[in-house]
Amino acid sequence: MFNTAVAFSSDGSLVAKYHKTHLFFEDSYNTPPKVEFVYFDTPFGRLDPGIQDVVKYGVQTMVFPTYWGDELPFRSAKQLQEGWATTNRVNLLAANVLNLMTGSIGSGIYSGENGPIVYSDITTKTAKLFVADIPINSHNTSASCLSKRFNKTVSIESLKTDSEYKSMEMNTTGLTLKKLVDKQNSSVVCDNGFCCQLNYSVVSELSLRDESYWLFVVNSSAHQNYPMCEETCGVFRCDDDTCQSFPTKSKTVFKSLRLSAKFTTNYTYPSLTSNDLTLVPKQYWIYENNGQIGSEVKLNLENFDKPLLAMALYGRCYDKDLPPPYKFNHTFE
Numbered sequence: 001m002f003n004t005a006v007a008f009s010s011d012g013s014l015v016a017k018y019h020k021t022h023l024f025f026e027d028s029y030n031t032p033p034k035v036e037f038v039y040f041d042t043p044f045g046r047l048d049p050g051i052q053d054v055v056k057y058g059v060q061t062m063v064f065p066t067y068w069g070d071e072l073p074f075r076s077a078k079q080l081q082e083g084w085a086t087t088n089r090v091n092l093l094a095a096n097v098l099n100l101m102t103g104s105i106g107s108g109i110y111s112g113e114n115g116p117i118v119y120s121d122i123t124t125k126t127a128k129l130f131v132a133d134i135p136i137n138s139h140n141t142s143a144s145c146l147s148k149r150f151n152k153t154v155s156i157e158s159l160k161t162d163s164e165y166k167s168m169e170m171n172t173t174g175l176t177l178k179k180l181v182d183k184q185n186s187s188v189v190c191d192n193g194f195c196c197q198l199n200y201s202v203v204s205e206l207s208l209r210d211e212s213y214w215l216f217v218v219n220s221s222a223h224q225n226y227p228m229c230e231e232t233c234g235v236f237r238c239d240d241d242t243c244q245s246f247p248t249k250s251k252t253v254f255k256s257l258r259l260s261a262k263f264t265t266n267y268t269y270p271s272l273t274s275n276d277l278t279l280v281p282k283q284y285w286i287y288e289n290n291g292q293i294g295s296e297v298k299l300n301l302e303n304f305d306k307p308l309l310a311m312a313l314y315g316r317c318y319d320k321d322l323p324p325p326y327k328f329n330h331t332f333e
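In this note's numbering, the protein residues as written are 1 to 333.
Among the clues, some could well be false.
[Stated by the list, open to error] List time: in silico SDA-like cross-link candidates among lysine to any residue, alpha-carbon distance up to 25 Å:
1) Lys17 to Phe2
2) Lys20 to Cys317
3) Lys20 to Thr102
4) Lys183 to Pro247
5) Lys20 to Met228
6) Lys255 to Ser204
7) Lys255 to Thr265
8) Lys251 to Lys148
9) Lys282 to Pro307
10) Lys166 to Leu98
11) Lys17 to Ala7
12) Lys56 to Pro43
13) Lys249 to Asp133
14) Lys128 to Gly12
15) Lys148 to Arg46
16) Lys166 to Arg46
17) Lys152 to Asn171
18) Lys320 to Leu23
19) Lys148 to Asp133
20) Lys166 to Asp210
21) Lys282 to Val118
22) Lys56 to Glu302
23) Lys320 to Lys179
24) Lys179 to Thr102
25) Lys56 to Gly12
26) Lys320 to Thr172
27) Lys251 to Glu205
28) Lys251 to Val203
29) Lys178 to Trp214
30) Lys255 to Pro323
31) Lys282 to Thr172
32) Lys282 to Asn303
33) Lys183 to Val203
34) Lys178 to Ser204
35) Lys152 to Glu169
36) Lys255 to Asp182
37) Lys249 to Glu302
These are computed hints drawn from the structure, not numbers from a lab.
Kindly produce the complete structure, drawing on both the sequences and the hints.
This is the structure:
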């Protein structure tokens, strides 16, 4: 039995079927014997399900049905969805379930480097259908539909929840962290040869006394007990100095914040969140990646006058992943 995504045309006929290979918390499903690369053509571009197809088949729009539970501070659905669309310069149509008890809330429509058009947030209590105009060519940053930014949200009143948002949280035990203590400073932290550089300045010198912010780096390719290779360079707020839980609100405003690192992969995804895990608008940050492995990747935040919860460069070195099936130890408590 496979985790299967299907697509139908406007006349109801089946146009594509895809068996998921990289299962996540899905021990009841089988891994397909062969990796499938599936795409289909529409009047509004070529659609597909995965990273390998984007360049090879000229895919412009990715369809992403999912049951994704957020993991703070860097792996909320919206953070990864926006980062994926930005780096790969494609439209992304992401449909998640609404289950606040597992942190499953992130659905949205994104258009490459143009950023999010519409997405859900953690205050949502009702399932929603998103409708938006996006360019057929996801590389077109001057499409007329982008200036209008048309979007529509349809609430599905029969699908409501009274639950409170609860997410998984990153286990920071044994990881490389450095606390931010000065009003402005620069720091470098490294993990097994992968280094993360930070330059920052906060608006108020009292901010970092009242709230706990940390510079973080991880190179999971050196940790063989985890199946996915990740290289992460980031800054985030913790509830306290034990750094075992992560809030969804903050008061700290940064004048500027700059991250940089040299990755062993081209697939690096930027993410920036503010209160209630809302995405920081694109006009306040710049992502620089020349596509050369080993060159410096940069993420700069400037002139953002609202609190920042987390900011990161998240690298996925897919070529170093252990082969499926995967076994994960994460649990909700």
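Exercise for review: Starting from the hint list further up, note which numbers the structure goes against and sort them upward.
Suggested key: 7, 8, 13, 16, 17, 22, 23, 24, 25, 30, 31 and 35
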